[in-house]
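2 protein chains.
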Amino acid sequence: MKKWTVILEIFLKEGIFDPQGKTVKDALHNLGFKEVEEVRIGKVLKIDILGENKEEIISKVKKMSEIFLANPVTEDFVIRVEE
Amino acid sequence: MKKWTVILEIFLKEGIFDPQGKTVKDALHNLGFKEVEEVRIGKVLKIDILGENKEEIISKVKKMSEIFLANPVTEDFVIRVEE
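Respectively, the protein sequence lines represent chains W and Y.
For the first sequence, my numbering assigns the number 28 to the initial residue and increments by one for each residue that follows.
For the second sequence, my numbering assigns the number 28 to the initial residue and increments by one for each residue that follows.
For the record, the hints were derived by calculation from the structure and aren't laboratory data.
Keep in mind it's a predicted model, so treat the numbers as computed, not measured.
One should not assume that every hint holds.
Each pair may be met inside one copy or between any two copies, as identical chains are not told apart.
[As the list claims (entries may be wrong)] With a Cα cut of at most 30 Å, we get these calculated DSBU-like pairs of lysine-lysine:
1. 30 x 87
2. 90 x 61
3. 30 x 70
4. 87 x 61
5. 30 x 49
6. 73 x 30
7. 87 x 29
8. 90 x 30
9. 61 x 49
Based on the provided sequences and hints, a complete structural model is requested.
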């Protein structure tokens, strides 16, 4: 089996207030980065995983996200396989 | 000026023990995902920012990361501009 590296990004759903992101945006403005319009903060997981092909890997990481890693009520996730 | 979305991923440097990642890996094994070899957990920021071109945007986000968002002693970061 081949080893794959998967990046899984988990953010609060659009429309759910992200106070941590707001705080960072305000701090960036205070530091002079006024061109920043919005900041959202999430978790990112780098997962090394064994598998036969890309489709199998994506399907497994999707399952992990749905049952354990992300909260489907409040969070969205994006899966990216690094080549 | 154009609006850009930048994804900034911040991880502990390779070689620094990541106890949160270890805990998640162990939990995934207990759930049956034995093919997971390693998990590293970090922060991800989605930044909406105004600017003229991609090079300018990357340079600004790099500066923010170095002076404020990441800890250069313990963390590495990756910047990706979404098209």
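Going through the hints against the structure:
1. Only within a single protomer do residue 30 and residue 87 lie at most 30 Å apart by alpha-carbon distance; the minimum there is 14 Å, versus 34 Å between protomers.
2. Proximity of residue 90 to residue 61 under the C-alpha cut-off of 30 Å is restricted to the inter-copy arrangement: shortest distance 14 Å between copies versus 40 Å within a copy.
3. In the homo-oligomer, the alpha carbons of residue 30 and residue 70 lie at most 30 Å apart both inside one protomer (23 Å) and across protomers (23 Å), since each shortest distance falls under that limit.
4. In this assembly of identical chains, residue 87 and residue 61 lie within 30 Å of each other by CA distance solely across copies; the values are 11 Å between and 41 Å within a copy.
5. For a Cα distance limit of 30 Å, the shortest separation of residue 30 from residue 49 across copies, 18 Å, qualifies, whereas the shortest one inside one copy, 38 Å, does not.
6. In this assembly of identical chains, the alpha carbons of residue 73 and residue 30 lie at most 30 Å apart whether taken from the same copy (13 Å) or from different copies (28 Å).
7. Taking the shortest Cα distances, residue 87 and residue 29 sit within 30 Å of each other inside one copy (15 Å), while across copies they are farther apart (37 Å).
8. With identical chains, the CA atoms of residue 90 and residue 30 are at most 30 Å apart within one copy only, with a shortest distance of 18 Å there and 34 Å across copies.
9. In this homomeric assembly, residue 61 and residue 49 come within 30 Å of each other (Cα to Cα) only inside a single copy, at 13 Å, whereas the closest approach across copies is 38 Å.
Every hint from the earlier list agrees with this structure, and none is contradicted.
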